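Those protein sequence lines, which keep their order, are chains V and Z.
Take 10 as the starting number for the first sequence in the working numbering and just add one per residue.
Take 722 as the starting number for the second sequence in the working numbering and just add one per residue.
Derived from the structure by calculation, the hints contain no laboratory data.
Keep in mind that the hints are not guaranteed to be accurate.
[Claimed, not checked] Some chain V residues judged to face chain Z by a derived CB distance under 10 Å, without partners named:
no., residue
1, Ser13
2, Gly14
3, Ala16
4, Leu25
5, Val38
6, Asp40
7, Asn43
8, Ile46
9, Val56
10, Phe63
11, Ala68
12, Met73
13, His74
[To be verified] Have a look at the derived ranges for each label pair, beta carbon to beta carbon:
no., chain 1, residue 1, chain 2, residue 2, range
14, Z, Tyr834, V, His74, 21 to 31 Å
15, V, His74, Z, Ala845, 52 to 62 Å
16, V, Ala62, Z, Leu859, 20 to 30 Å
17, Z, Leu791, V, Pro36, 13 to 23 Å
[Unchecked claim] Residues of chain V clear of chain Z, computed beta-carbon distances all greater than 10 Å:
no., residue
18, Arg15
19, Phe18
20, Arg70
None of these values were measured; they are calculated from a predicted model.
Here a beta-carbon is modelled for each residue, glycine too, at the ideal position from N, C-alpha and C.
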Amino acid sequence: MTMSGRARFVALTRALPCAVCFSPTDPLVRDSVNVGIFVLLGVTVIVLTGFAAFIIRIAQRSRMHESS
Amino acid sequence: MDIPYSIEPRADTGVTNATLGMWLFIASEVMLFGSLFSSYALLRTGAGTWPDQGAILNVPLASANTLVLLASSAAMIGGSRALTAGRLHDFRRAFGIVLLLGVVFLGVKGVEYAEEIGRGLRPATNNFLGLYFTLTGLHAAHVVGGLIVNAWLMATSSRTWATGPVRLQNRVRAAAIYWNFIDAIWLAMFVTLYLL
């Protein structure tokens with residue numbers, strides 16, 4: 010690889026921050042992304058809680074079934 | 722080979738495999754609709770201006786449609802209970818009402834779409850309308866899917882009842898879970914898209 014080719018490769022692979030999440034100039038966009046994340050997190054927590062409750066229920070019923 | 726626990730409930734889960742499968746499907750559906758509601762929250766809170774939703778959408782028509790869907794859920798529960806009690810005739814009548822109300826819901830939704838598109842309100846008009854058409858369109862597709870399954874259950878009910886009544890009861894119970902979920906999603910959508 011030539012010098013200029015290497016320089017271009019480095020320039021292309023440089024990690025750039027996401028302009029939406031890391032933009033310090035637009036707090037409205039950042040806040041709205043946070044709201045979106047929290048709504049989806051809330052939905053995920055509800056679903057995962059349902060799964061956890063179901064797994065606990067299976068374990069309890071399985072123990073009851075074995076003991077009887 | 723028969724699918725295990727399709728008639729009697731599994732001892733550890735306490736439900737049949739069909740019911741368990743339906744709950745897992747509902748969990749994936751909650752994530753699907755949840756991601757769209759999350760997009761709505763993101764776009765609305767990030768927008769400089771947001772249209773007056775209640776002013777551009779037909780709230781009275783959507784309210785009437787909400788009542789139609791609630792009535793269909795009530796009929797679904799009634800049908801499922803009638804079948805559990807062994808009353809096939811009452812089940813078929815209740816399912817007929819469910820199918821009719823489901824078709825009415827889709828028809829009213831179609832009228833609403835036509836009116837909105839006639840006024841130049843299209844998915845590309847703004848972010849709100851993009852989300853509105855995506856959410857309500859996805860919901861309508863779920864109603865169509867539910868109607869197909871319900872129609873099949875009703876059409877084959879006499880035969881299934883004769884060969885395996887408990888199997889039919891379990892199928893109808895699973896279908897009722899789905900239909901009530903569709904109803905619950907609509908209520909969340911109605912509040913979010915029309916009233917907030």
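Do the hints match the structure? See the list:
1. Ser13: This interface hint is violated because 41 Å lies over the 10 Å limit.
2. Gly14: violated (41 Å)
3. Ala16: violated (38 Å)
4. Leu25: Because about 21 Å separates Leu25 of chain V from the closest Cβ in chain Z, which is outside the 10 Å limit, the hint is violated.
5. Val38: holds (5 Å)
6. Asp40: holds (6 Å)
7. Asn43: holds (9 Å)
8. Ile46: At 8 Å from the nearest chain Z Cβ, Ile46 of chain V passes the 10 Å test, so the hint holds.
9. Val56: holds (5 Å)
10. Phe63: holds (8 Å)
11. Ala68: holds (8 Å)
12. Met73: holds (9 Å)
13. His74: holds (5 Å)
14. Z:Tyr834 with V:His74: 21 to 31 Å: violated (52 Å)
15. V:His74 with Z:Ala845: 52 to 62 Å: holds (57 Å)
16. V:Ala62 with Z:Leu859: 20 to 30 Å: Since Ala62 of chain V and Leu859 of chain Z have Cβ atoms about 27 Å apart, the given range 20 to 30 Å holds.
17. Z:Leu791 with V:Pro36: 13 to 23 Å: violated (41 Å)
18. Arg15: The claim stands: Arg15 of chain V keeps its Cβ more than 10 Å from every Cβ of chain Z (closest is about 40 Å).
19. Phe18: holds (35 Å)
20. Arg70: violated (5 Å)
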